[in-house]
Amino acid sequence: MELSLVLDLLGTIAFAISGVLTAFKKRMDLFGIFIIAFVTAAGGGTLRDILIQAPITWMRDLTFVYVIAGAAVFALIFRKKLGYLRRSLFLFDTIGIALYTVVGVQKGFEAEFPFLVCVALGTITASFGGVIRDLLCNEIPVIFRKEIYATACIVGGSMYYLLRMAGLPIDLVAIASGVVVMTIRLLAVWFKWSLPNIYSREELNQ
Amino acid sequence: MELSLVLDLLGTIAFAISGVLTAFKKRMDLFGIFIIAFVTAAGGGTLRDILIQAPITWMRDLTFVYVIAGAAVFALIFRKKLGYLRRSLFLFDTIGIALYTVVGVQKGFEAEFPFLVCVALGTITASFGGVIRDLLCNEIPVIFRKEIYATACIVGGSMYYLLRMAGLPIDLVAIASGVVVMTIRLLAVWFKWSLPNIYSREELNQ
Amino acid sequence: MELSLVLDLLGTIAFAISGVLTAFKKRMDLFGIFIIAFVTAAGGGTLRDILIQAPITWMRDLTFVYVIAGAAVFALIFRKKLGYLRRSLFLFDTIGIALYTVVGVQKGFEAEFPFLVCVALGTITASFGGVIRDLLCNEIPVIFRKEIYATACIVGGSMYYLLRMAGLPIDLVAIASGVVVMTIRLLAVWFKWSLPNIYSREELNQ
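Chains as they are written, first to last, in our numbering: chain A, 162 to 367; chain B, 162 to 367; chain C, 162 to 367.
Extracted from the complex, chain A is given alone in its bound form (with noise of 0.2 Å):
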């Protein structure tokens, strides 16, 4: 699957740059940047291999650690310029989401694990690298807070498990989900759909 190791390169390089991004805006050295860059692209992957018990991908295959060296070094190197990457940054997180939660629920799907396991880990893999990049800059992490990110990737998990279980061919089923991740997280931002939102005026005010 040629393709989809493009689109993963994409994805995890897109991850890496927001990481560098948030661990600059810190005013970390430049270890930090780079670890922060690191768990924001391989945190996700690392918490599911754990739960799941298997071997930690990056441990054996050292591409991804090179790419997340890479785009870290960019990312410092033309910071300045990255405004203007703004929105191509934004498709490869996309991008990167959309490939991270196939991977997640395949995973999931070949190790038999139930239904929602398999969203979770899905969800897990697109997202715990976000969530430990805030924990490790001291945020209350943003994806718990304004993002339907999560929801785009249970989507599309879901698809992902109930079209495999019908039958259909495993990269059908993946290219299908991950285009349904991508559409809706792309949806989202540009209707600026949120969650329904739970809180009372009262609440809001308080």
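Treat the hints with care, as some may be off.
Because identical chains share one entry, a pair is satisfied inside a single copy or across any pair of copies.
[Said to hold, decoys possible] Here are the simulated lysine-lysine pairs, DSSO-like style, with alpha carbons at most 30 Å apart:
| no. | residue 1 | residue 2 |
| --- | --- | --- |
| 1 | Lys241 | Lys186 |
| 2 | Lys242 | Lys187 |
| 3 | Lys187 | Lys353 |
| 4 | Lys186 | Lys353 |
Since the hints were made in silico from the structure, they are not lab data.
Starting from the known structure of chain A, fit chains B and C onto it as the hints suggest.
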């Protein structure tokens, strides 16, 4: 052990509700609230299973996932009335701590870990969910500052280990140790026990 | 390796004491202080063992648990006099970093992980305890902001790997790499080395 299952579910519900209330105060969205409820109720057991390298309970048996989701929905809908429930909640929470401690120390005992490690596993099972909840909400874990909570787990967990070593039947030991955890916690709250203060007056005024 | 054991214990003591002092500043209770001492001293090795899916050292051998508890009690009792000990503590801490790095990279090397992963394992063993300490105390990890700490681990860890690949005897390699970690750290503090500043003056004034 039907009774044990009922109590375990009550404990899970109490932990999940305490997670919802914390996330709610931080104005998290629906997704964030569910995640915080989930880690509060399942985080301690997950860390325990990772440490002893056993399969993670909720990944193969979804009962607790459903219970947590139900408790979260309930807590959200009735959040204005939970004030009246405070006493019941506190009781559930105490039951939860007791049960989680027993489950944790039992798993350690059966895997033949040494005494202190078994007690630590019981305490981790009972308290780590709350630690992760506080970390994700960007607070210093409450357990490190004002609760005698952990002391109850340590005493009850030690008792469990010693009685099992003495050859007493497992059900009796589980019940007796659980009751000890609950009693210490209830007495501690009733009589406002706390760990001995280690700070001098000057230190506290700094 | 008797010497190695003594040095390892000294390092553990130094890490535990640094944990106590941090928890103390946050006015934690006795339980919180012990937990912070424990994660500072044992957290890095625990994460390493989880990542390489090896049994977790302190769960089968309690020596370090006792040493950490003893160091915590010592630090609490003599906290007012630890100022006089600052130099010894710094030395112990440096020894600890060196030993922990060597232990970590050695475990990775023997499990045949690739070069970069071995170096990362050494660095994680030496530094992650401090990261967890800072997270639990609700601070941005100090290692991400002003220490050359990690650089010393990376250089010494790389040296270990390369010398072992070159076929040198394990004891010699361990000692030489540990000495390199210590030397870099001591020189860095002495000459106030830091990683190259990557922030422009405008960025720092924002």
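Results for each hint:
no. : hint             : result
1   : Lys241 to Lys186 : within (12 Å within a copy, 37 Å between copies)
2   : Lys242 to Lys187 : within (19 Å within a copy, 35 Å between copies)
3   : Lys187 to Lys353 : both (28 Å within a copy, 22 Å between copies)
4   : Lys186 to Lys353 : both (26 Å within a copy, 24 Å between copies)
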